[in-house]
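All chains, full assembly: derive it from the sequences and hints.
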Amino acid sequence: MSNLAKVTIMARETNNVNVLIDAIPYAKLLGVRGKEGSELVFHLPPSESNVGNPTLPAIHGGAIGGFLELSASLHLIMKMEVLKMPKIIDFSLDYLRAAKLVDTYARCEIVRFGSKIVNVSVEAWQGNENTPVSKARAQFLVE
Amino acid sequence: MTNNIEDYRKLCQVMLRSNRKDHFDAIGIKINKVDSGFVCMSIDYKESLVGNPDTGAVHGGVITTLLDSASGFAAGTVLDVLGLTPTIDLRIDYMGASQPHKTLYGEAEVYRNTRNIIFTRGLVHQGDKNYPIAHAVGTFAKMGANTFKGYRERILKAYDQLELPNE
Numbered sequence: 008m009s010n011l012a013k014v015t016i017m018a019r020e021t022n023n024v025n026v027l028i029d030a031i032p033y034a035k036l037l038g039v040r041g042k043e044g045s046e047l048v049f050h051l052p053p054s055e056s057n058v059g060n061p062t063l064p065a066i067h068g069g070a071i072g073g074f075l076e077l078s079a080s081l082h083l084i085m086k087m088e089v090l091k092m093p094k095i096i097d098f099s100l101d102y103l104r105a106a107k108l109v110d111t112y113a114r115c116e117i118v119r120f121g122s123k124i125v126n127v128s129v130e131a132w133q134g135n136e137n138t139p140v141s142k143a144r145a146q147f148l149v150e
Numbered sequence: 002m003t004n005n006i007e008d009y010r011k012l013c014q015v016m017l018r019s020n021r022k023d024h025f026d027a028i029g030i031k032i033n034k035v036d037s038g039f040v041c042m043s044i045d046y047k048e049s050l051v052g053n054p055d056t057g058a059v060h061g062g063v064i065t066t067l068l069d070s071a072s073g074f075a076a077g078t079v080l081d082v083l084g085l086t087p088t089i090d091l092r093i094d095y096m097g098a099s100q101p102h103k104t105l106y107g108e109a110e111v112y113r114n115t116r117n118i119i120f121t122r123g124l125v126h127q128g129d130k131n132y133p134i135a136h137a138v139g140t141f142a143k144m145g146a147n148t149f150k151g152y153r154e155r156i157l158k159a160y161d162q163l164e165l166p167n168e
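Chains as they are written, first to last, in the working numbering: chain Y, 8 to 150; chain W, 2 to 168.
There could be a bad hint or two in this list.
[Stated by the list, open to error] On the chain Y side, residues computed to face chain W include the following (Cβ under 8 Å):
# : residue
1 : Glu55
2 : Pro61
3 : Ile95
[Said to hold, decoys possible] With a straight-line cut-off of 35 Å between C-alpha atoms, the simulated DSBU-like cross-links for lysine-lysine are:
#  : chain 1 : residue 1 : chain 2 : residue 2
4  : Y       : Lys42     : W       : Lys11
5  : Y       : Lys123    : Y       : Lys35
6  : W       : Lys103    : Y       : Lys94
7  : W       : Lys11     : Y       : Lys142
8  : Y       : Lys13     : W       : Lys11
9  : W       : Lys11     : Y       : Lys107
10 : Y       : Lys91     : W       : Lys130
No lab work stands behind these hints: they were computed from the structure. In this text, a Cβ means the ideal position worked out from N, Cα and C, and glycines have one as well.
Structure, rendered in structure tokens:
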């Protein structure tokens, strides 16, 4: 069994997505954490290494995109029943507001779980969940 | 005042190099080419970008960052006045996983420049342009006329203060 499969089982059994996050270097680079004591909400703490525009300062659009894409895949891995790594097919990202350098959160929803294709929507916010900074849709192949 | 490409190249250098610990630095994005309506950037492989530790492939988020950056900078090259273009949306198709230990190249071009919106398309490959691993289309906003007042002077000053390595 692959290492990723082992940590996936452990993360699911303990219902702790951070076990999985700790095994993914890119997740550590961004600094993503599963929010404690809540139903799968992802947290991106403010970090200088995610800044794209120093004059505002704003989080790099790519870091926001990476955060949403990573959240979608982690959410799916945690919710799936089989031990397969979903492959991303496409990702569509709407930037609604500039992302300030503050705590950013993301919540995902599996819109459709088909026999092969899974559609996941993601929403990220700062401060007020009703005014999202960005929304995304990701489609994965699970075979 | 028109946007000259030399000034814009300096803006790109300032964006990438003025803040040593920012996201450009964390990911390791480099500028390969900046022309009017076209930008090529690259990311060298490193362990901290890996999304699947079993295969060593970098995470899709890294490719998103490369395409967002290359597309955004390409959009900026067609502005009349030196400035930046916020991303409205970006759509990426992933045709295959990236190969580990190989550089990622992101190329983006402006295919239509309208009064308020700039339309881009781009791709990511690992050496063979005919075999892209990702493709993207993006839309970028043009800001109001006064948004970048005095910006050129600030950028050129910041450029003069950059410590550029020998390349």
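Self-check item: Hints breached by this structure
Solution: 4 and 8
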